Amino acid sequence: MEVTPQHIAVIHRFLDALGRRERWILAARSGLWLTCVLIGSLVLASVAFSAGLSRWTVALVLGGTTLPCLGFLLGRVLRPQWRRAGTLRWQARRVEARLPGLRSRLITVVDRSVEVARGQARFSTALWARAAEHAQAVTGLIAPGDVHSWRRARRSGLGAVIAALLAGVASSMLPVGPLDAVDILMGRSAASVRLAAAAAASAEERALVGDITLRYVYPDYMGMEPVSVPNSDGTIHAPPGTRVEIKARTADRFDAAAIQVDDDEPLDAGLDGGRDLTASITVQMEGAWRFLLFESDEVQLSPDYKIIVEADQAPVVVTSATGEVARALDEPLGLGWQVTDDYGIRSVVMEITDDAGTRQVKLRTPIDSVAELSGRIRKTPAALGLKPGDKVTLQIVAMDSDKASGGNRGESAELVLEVLGPKGIGQRLTAYHKKLREVLLVALADFLEDAVPPAQDPRGMLRWARNTRDRLDPVREVYKDKWGENQSTGVDGVLVREVMEASGRLYRFTVVNFDTGGGVSGRRAVEKDYRTFGELHGETVAALEHAVWVIDSMLQQVNFRQVAALMKSVAQEATELANLADDDPDAQQLLARLDQLERLMATLSKSASELSEGQFKEFLNSQMSEAQNQMDAIRQAIAAGRMEDAQRMLEELAQQLNRFAEGMQDQMQQGQQGDNELAERMKKLMEDLKQLGEEQAALADELAAARELHGGQLDEVMGLWSKLDKLSNEAVERSSGMLAEVGTGEGWSASSIRRAEVTGQEVRGTRDAVRARDARGSLERVMDAQRYGAMTERAFGNEGRYGPQGPTGQPEGLKGAKREVRAVLGLLSKMREVLEEIERQPGESNPALQNAARQLSGQQSQLNQRQQTLAEEVQTVERAMPTGDGSAQENMRGAGEAMDGAKGALDRGEAMRGEGQQREAARRLQEVQDSLQQAAAKQQQMQRDQQRMEGEGEGRQPQDGEGQDPSHLEQPEIPTPEAFETPEEYRRALLEGMAEDVPEEFEALKKRFYEELVRQ
Amino acid sequence: MKNWYASSLGALVLLGVSAQAASLGEGVACLSAGDLPCAQQVRDQLNEARPASTDAQKLNLRVLFREGRYDEAVEVLDALEGQGIDIESEDRNPYRPTATAVAGMELVEGDGVWIRRAGGLEVILEEDALAVMQASRQTYDSLFGGGPGHDVLLDIFPTARRFILASGLPPEAVRTTGVIALSKWNRLLVSSPRSKGRGYGWKDTVAHEYIHLVVSVRTADRAPVWLQEGLAKHLEARWRGEHGLGISTHQQSLLAKAVHTEEFVPFEKFKHSMAYLDSGQEAALAFAQVATMVAYLLEQAGDEVLPSVLSRIRDGVTAEQAVSEAAGHTDFADFRQGWLTWLGTQPLIQEEIASLPVVLDGSGSEYADDPLLAARADLARFARLGDLLRGAGRPKAALVEYRKAQDPEAPPSPLLMARESACLLELEQPSEALKVVKEGVQMYPEFTLLQVVHGRVLDSLGQTQAAVQAWQAAHDLNPFDPEVQTALSSGWTELGDAERAEQHRRYGRILQTGGSLAGESETR
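Heads up: the protein sequence lines correspond to chains H and C, in order.
Numbering-wise (numbering that gives the first Met the number 0), the first sequence opens with residue 0 and increments by one.
Numbering-wise (numbering that gives the first Met the number 0), the second sequence opens with residue 0 and increments by one.
Heads up, some of the hints might be wrong.
[Unchecked claim] Using 30 Å as the maximum straight-line C-alpha spacing, the simulated DSS-like pairs for lysine-lysine come out as follows:
1) H/LYS527 to C/LYS403
2) C/LYS403 to H/LYS937
3) C/LYS403 to H/LYS433
4) H/LYS527 to C/LYS395
5) H/LYS434 to C/LYS395
Since the hints were derived computationally from the structure, they do not count as laboratory data.
Model, not experiment: these values are computed from the prediction.
Pulled out of the complex, with its shape left as it was, chain C reads as follows (with noise of 0.2 Å):
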């Protein structure tokens, strides 16, 4: 998410404020402009000058709680309330709720980042996290012509209940929109892939989330939620090398939808949050709208055009004009409708799918994550039949169940296929099973389950490199999967590669041994 940053004005001129010149409203300018450097040097400064006044206490704590240091901060704060401050009714900032959510977390420092996770089996996501990171600020960073001038911390919070403490937003509005990471305070929070049980795409979620941060820096918060939001769902991908056009089947299939209705959603509506659009179904089709204009943006001008835009937003031309005016339009309605014209010439899925429901911390049924199942207890039924059937090692009867439970009128289901690809291996028809869960795969490449099932028949079938493939994209979302785990130990093993062999060995043992086996970590 989008951080609102207010003019940058105000800390540009800060900066060379002398420290007699320090005061609380210099610090909180540059806290608004998200310059953190700023703040911190206006901190230091009114400490030393002052060290005991309220105003310093008041920045000081503004400043610890976007560095991550919330304990500290509620020890300020402590004090601020000891002197009769109420500091919680001046900023809505949820500082002893971030400092309840982080409890026993640690800190893992990279290079110009820090991670912060739980203990345990969050050990796991250590690695790939802080690679994320630091790939993200290699790659945005020079795509957008600069970054944060500060080390980046990311927490990443085991649980969606810590995740929403800690983000200050209502739970029903996660709950809702299934918002499960935000750009804010100059940091960015996720929640673990574990919140979601199947887990998610958090790794493009993380960098994403760095592309708001990077973006708000870069524009001094002038960007709109819409390029925002285009930007970073575009280009979440790239810090791994994929260039596409960034959005789901799902959104393809409702951009495509929107295409032939000419049903899309207004700009308005999401001027200032996706997260307060009517639906999930409705944000979605909001993501693949702004994503796409973005796409066309850089098919039309190229990535370089990027810095320039971004500058002359900062620079206080609306992201409207530098945007058409880069693309090469006169206007942002001639803009739009080239972007309408290019769309139609884009290969989008036309098939019907549906997004994957917003279920956390193991809320809901058992069939919650499921687009057609959650929504369909009769036919969640025959799925339940098919599971009990599947347990009881009888899998054509599964298979009879599970194909009962399809429904050609609606859209597919991932969890079926899944299912069903997973009997007729036990069937040992590996041929049959594959051609499922492929389709299955690029309907839902986030659906967890459909990435395991496809490595399991890649593996059955011999097909090794295409399984540590499949194992190395339900990791991705997954990472505490035993199974896969093992999956791709094996794999990188039989691939020749014995350190990534080891390195998920190790994730499995970590699984195995409920995280007494995670490395020391240091601890800030």
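Extracted from the complex, chain H is given alone in its bound form (with noise of 0.2 Å):
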């Protein structure tokens, strides 16, 4: 039979047909075998989401697992299938293979039926005819459905039906079936699909969240760093667009979370381990969120939390004054201001707004968004541009970051400032002054009117402590309103400074020695204690005292040169008036300048009033009351045509002024004569001070000479002695250094402070002795010192363990109290090392030496007669300056003490000793040189302050040497961050500037600069 290609398209078809149905069959099975994985999946997830796993985490964990499984399946398994099946071979084999018979002929028409086609054969054609044949036949034997049969298929469709199964069960079990997982895969809520399935708790019963923290994430637009707030109480304050990311903690378990605002389909919230919350929404509008909390088909409603939408605010600015207030040109302005904004500041300047217009002064522009800042002007009206005369609005304008409306303007209360000039100025400060005086007066007559001591017992001793320690507050009020911050440039400052620091003492003194009670201390008040108080009660009535005289004397040489100036003026005026009288007797005019001249003797009168009572006044007034007397005349003679009388009564009206004006003057010209007499005999006195001092200390370094040359074993003695004198200053500084770490006291015991005094009195007391080259009582005084020093370090080892911070605080300055007491105590142990050396070593025996000393004697006494001689110019010296506080005269006492010492010892043949009290004493004239000096510069001082109470000194620059205390410097402005290039550059300036050595006096200056520059 000849093979036609009929024959070999009826195999082909046959073929063709066989890869068809295996397809089929491939796609059936993929398809169950995809519904099987999709089922399972689904389960999968609706476990995963029962048990409270976000939607992301199923979804990825399902795409993790299922995707790579089915690219297998679909990839590996059925792509190669499917294309084997497409292929006429793959068929032929497959037929082969059920018909083993066949024996590769279908497999070799199929390969060679191509060539064939093409005339190409090189095969036996009738070999390939005679397979074709069979092959044909076999089409006609074997039907389709045995070689590819819908078995397999059949199978994947029952594990298909065997997973649907399971998702119903599934579904019917789960919280979350398999359908709601694919509604969730697709973006439902996991908790709005078990929220709808879920029963409701009951709606009163809300379940316990706590620990809640908000994390704000503002839009960008602000650009507002992420804020924190823990511990919220749930509340959230937010501009709208803003995402809060909350953190919370459940009192119970859940397996799952939502977060829902308002009736808003609830949003999935995190839940780990859970009890831990957490969620995010962002804010759009007010209302409520609350957490909806899943256990199995349960869900429970946490509180209901406010949502509070804050538009950005414009910021918030205050300054420490309103109103009115005036500077002097030259004064710092001392504005302090605080701006605060509830999402972050951008800038903020001062506006001056006068006539011309309003101007800014740049204050901050913060390189970090920052919700609040402060800071103080210290410019001066002058630095601002301003001139005396000016008055001015100033306001504190800050703008927010909201960029979205560009920055909020928030703006201070306005401020108006007036510029003084010199006259403002002093009429300001007179008026502060006399404002001073009278608190200070206030509080001298409570003391004044005090019992001293106030009470017989420690109750109440304490009881007028409390009741009393508010009396020196309308002073520190009455300064803090004039310089605020600040420290007063004048003597007042000294004055209440002084005032405070007695007063100070007194307190601290009665409250820690009488407060018996309680066992802190563990002694009981004693007579000693009442005396100090009255010693210390005195010292408070003396600062008060002179605080309040040199303020006074002040106050009353301006008024007496303001009322000797309108005198002047008002004499002058008359002078002019009857000049005018003589020129042109015009009647009108006349009485026009008469009424002048009594506005200008009402302002005298005025004035002359706040004259101290005395005759002056008296004198003035009646002088005063006569020229009106005298006037009221002229009017009448005016009135009554009698001008030839008037212009007569004017002359002498403008005679009589004009005589008492001199005479004012006159005493002016007198006072001032008087001080510069006194400054002369200043000088004198202090020439000789420094005269005498220097010959009784050559007169000592004669008696060491004599020393050295007849009593060699005394050289021994005296070096000893010198040691000593080193020593005992050492231990003195130290304690005075270990009272200064107790400070002010506050947080330390009673015992340790009253210790610490005891123990600082004692080694003064040593020091004194020992210059006394008083060796017996020297090593008493040691010995004591010694007991107190141990007594004070133990009180101080027991701070923080019994003292009032309690078993864990620690007063400040407690280690270097420490530090220093024990210092003190090693150079007390070895002064008596020295001490008792001194004791060994033997006596002035040496009778040439006593003769010596007593052949010096009578140049001792002279030096005697001398000092006695200008003790009492010191007297008259320092009484007449109004700044004198004794303390000149009592250290002229204790010359002339140890002077009378030295004479008594060289008297004696004692040439130790005294030469010992021979340097004393030049010690102490020095000291009267120092106290007259410093009694000189605070009369300078006082005098300056007069000088600027009149209106004069403005403009005028200190002299080298003049005014160079710290007290006189404007205050430093300071630098803000901004002003340096990187917030590093700005710290390391910071630290380099703290560590930078200044003198000691402006160590107070720096530590509030530093402190006030930290704060920025």
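Make one complex out of these two single chains by using the hints.
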């Protein structure tokens, strides 16, 4: 049989049909497999969602597992089969496999049919035809279902059914069924799904949720860093668009959680460990939010928390002063300001408004967005371009960082600033001093009216302290009102400080020493305590008296000068009036000028009313009264047309007023002359004191030379005394350091303070004894000081254990105080050794030395006489100085006693003691000079203050060496951080500055400076 | 002060000289003898004979000056100067300064006396000044056997400056010695109590100066300064009927000390004037010495010896001799010894009391008139603090300060005693206050403030009679205090003396109105 193409086509059709069938079967199986996988995945997802896992976690896990499986099945299993099923040869082989008897004839026909069709056959056609014949026969013998059965597809179908059943079971058992899982994976929240199915718990039963932390992530436009609010009450305050990330913790365990805003679709919340919640919402409008907490098929709601939408408010700006203030041209404004904003401050400026318009002075443009800024404007009106007489309105204006609106503007209340000239400054300064005198006077009266001691028992003493310690508050207030945080540059600052220190010592002592209750100090108040109270009370009174007196003296001087100046003006006006009457006696004009004169006299009378009650005031008043009377007579004369009489009386009036004005000028000149004379006396006295001190020291040197000559063995003793001098000085310094560490005593136990103070006294006593070269006395004082020092050390050791700070707290300065007291004890120990060594040394038995000492007694006697003469002069000069406080006289008395001691020692031939007393005398003489110089310096300060009160001294630059104390320096302007290129540069500058050494008197200023810096 | 007279012998001769013989020299001699009527007579004769002559003008100038007609004197002076005659180089009378000093002052006439005072507040002095002058004329003219034969003019200058101007004295001398009144040029010149702020015993001072005038007239100016001052000082309170040593407590304390130490001021030292002594303290002792000498004389011989003593002096007997003999001593040394012995028996105040400083026209500090505080600036501080505290209504505290201001080693301070008493009164302790102020008044009766406080304290105790006396004492020292006038007005009303009450009410109104309500005055 000839094999025709038709035969071949039949075979091919048969094989194609087989291929198609196989592919159908593959497709069906694939579909079923996919169904199984999908259902399985959904069941897994429903399990996962029911367990509270988030959509993304589930999606990720499912995606991560299912897709590879599907890929593998499709790519590596189904795809080759699919492709293979489309080939004739694969189908031929499948048929050959079914009909082994064909012995590859079908395959051969399929393979060679192409060559045959092209006429390229190189094989036996006959054989090929025979094979084709058999192959064709096969097509009729075998059914396609025999080659490709649906049985496997049916198995897959069974699997799918099982999967579906499983899904059904899952759907009925799990809170989130497979179909729900589809929803969730498609975007619906698991919570809503669960919520729909869950049985809600009682509305009143809310789940306990706490430890809420809100983290606000502000919209980008605000340029603000996220802000975390731990321990929040759950209320959200934020501007719209803010995403709030919420962390919280539930009291019970749950298996899923969601967050819901109002009645919106709940959003899934994270739940870690069944209790730790994490969620986030974006603030859109006001409302409430809550957690939905799922446990199995139940849901509990957390309490509702408010959402308060806060639009970015304008900054709030407050200043330390409002209303009206007046400043001198060169006086720092001292205006404190504070800006707070809800979301960040961009800039702070000061706006100065006057008739010409408004201009701005930049204050701060913070590098980072900050919610709070503060500062103090130290610029002077001059630095702001203002001049005396200007009256401008100041406002601090802040802009926030709200980029949406371009920045909200916050304004402080307006402050009207009046720039004063010298006269205005003087008036203000005078008013301030009057107020200060008034409050100081009240405090002085209170202290003077105290009984001293105010009680006979500690409780009464403490009651007194409690009831009276606010006596000086008005003084503080007046001072602070004037100077703010700054220190006064005038003598008032010194006086107020002295008063505060003295009263501080009094109250500290009273509270510490009479607080015997509770057994803290473990001691009873003794008579000495009451005596010490009396002394400290007296010191407070003295400080107050001194302050009142000095301020009053200044006010009196200023007032007198003002009266004198006014008197001069009145006299000049009267003279002009008299001349006018001579030249052109126009009645109306004369009356007008009389009115003018009368007004001047009224001003004068007003000023005169503030003069102290004395005969001058009485005299002045009577003169003014008389002048007034004359003026009335002149008016009457003018009115009656008696112009000649008026002229004559005007002449007389002018003469009278001029004579009186001249008298006042004379009086002022006499006062000035008195001051000059006092200055001359002072100068002479200082020279005399210096000379006396030098001669006393020279005599001591002479005595030392005699000792070296005659008393060889005494050299060693003198060396020991010299050593003691150094040791005692050092001990005093260290004990002062110890007391400085204790400071105001705040936080310290009463016993520690008291013992420290006693130790300080004892140590100073040792120095005095050493200076007097009293070996026995020195040794006794040293031993006493050692005993108290040891007690103090123990008391310090107990600080922090039993002190008022409790078992853990330690008072400030404890470490330093311990260090100092140890140093004091060490020095005392050394002193004791040296003194014991001195005691072992032979006495002053050298007759030659004794004789030499006695020979110097005459010279010492002469010096003593000069000292006595100078003591009177010291008394006179110090009494004449309003700022003299008696310390020069006290030191002069000390010098006199030392010189008397020296004289006595020399008379007895005691060279060593004599020399000691001589050197002590020389030292006290130096202290006399120092005291007088201090009083003179204070007096100069007084005079400067007076000049300022009189409206003088402005624009005057201090001369070299004049007024160079730190309080006279203008407060430094604090540089802002943005003045530096980078924050690092700023920090570096800060640290370098803090490390720099400054003179001692500037330490406080430096401390204040950096405190303010770091606050920025 | 005493005026220096030349011998009155020439004047006596001149009284009988005819108009034709009148000349400038004669007139000047009259004036030198203190005989103003004589000079007036010569002037009139000269004017009649040679009205436009230079001599007539020169004498007229001098007489007008003594008559107190200063403006007219200046007109004559101007005329003479217009003729090229420099009269001021011939005599040193302060013609022009006096005219300036009395500018605006008004003259008031009394019985044989004239008062010139300033207007306004000074009007208050008028009645008292007239009364003092009239009482003085009556008392002393009688006591000394006669007085000036002309009306006596008293110029009361409102300020020390004006007084100095009119006195011709160097200002320094006035301020050092505290001379605030003079008897010179047949007139009396005193400073108003207003010039010393808190006043002074101006009435006795007027009487004192009048005594000088009388003694000068009665002795033809031959009485030495010691006797002049002794008589004036011892008798200056006699016009008001007071008989006593006539020296202050301060002077008594000085005298007691001098008796003890025998350190008296030598007579030679104040031969010419008390104004030239070294200090106020020395002057006070000198016054005490001479006043007690006169007291000793009068105790030994009685008041009636005075006319004869003055007559003997006028007749050429030395004052020392006249006084010694009148007192029954052989010579002055004997008299002095007798005086010393007598002095030892006198109850002089031994306590050291300071003299009140001289403070004029309100000069000096507020405590310048206090003997302690003026010298002790350190104590004055406490006083000032006390004043401030008292002003603040805190008398208890003020009292503490006032007591701090006292120095037990120094003479007591009158001001502090007054202040302390005032504080005690404010603290409602009037008995304590009275004790303090009484002591003060005894020590410093011329310290007006003490008298004022004394009055207040007595008023508070309801002792009206005594209070009025205290207020009256304050008025006598300083009538320019409205409080004093108010208190006196009330006091006299209470005591039923409506006239005196009205008088002080009127003074009060004058003070309130600055003198504008003062009555009309005659101007000469």
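Evaluated hints:
1. H/LYS527 to C/LYS403: 24 Å, holds
2. C/LYS403 to H/LYS937: Answer holds: C/LYS403 to H/LYS937 is near 24 Å, not above 30 Å.
3. C/LYS403 to H/LYS433: Roughly 24 Å between the alpha carbons, so the hint for C/LYS403 and H/LYS433 holds.
4. H/LYS527 to C/LYS395: With Cα atoms ~28 Å apart, H/LYS527 and C/LYS395 stay inside 30 Å; holds.
5. H/LYS434 to C/LYS395: 22 Å, holds
Checked against the numbered hints given earlier, the structure satisfies every one of them.
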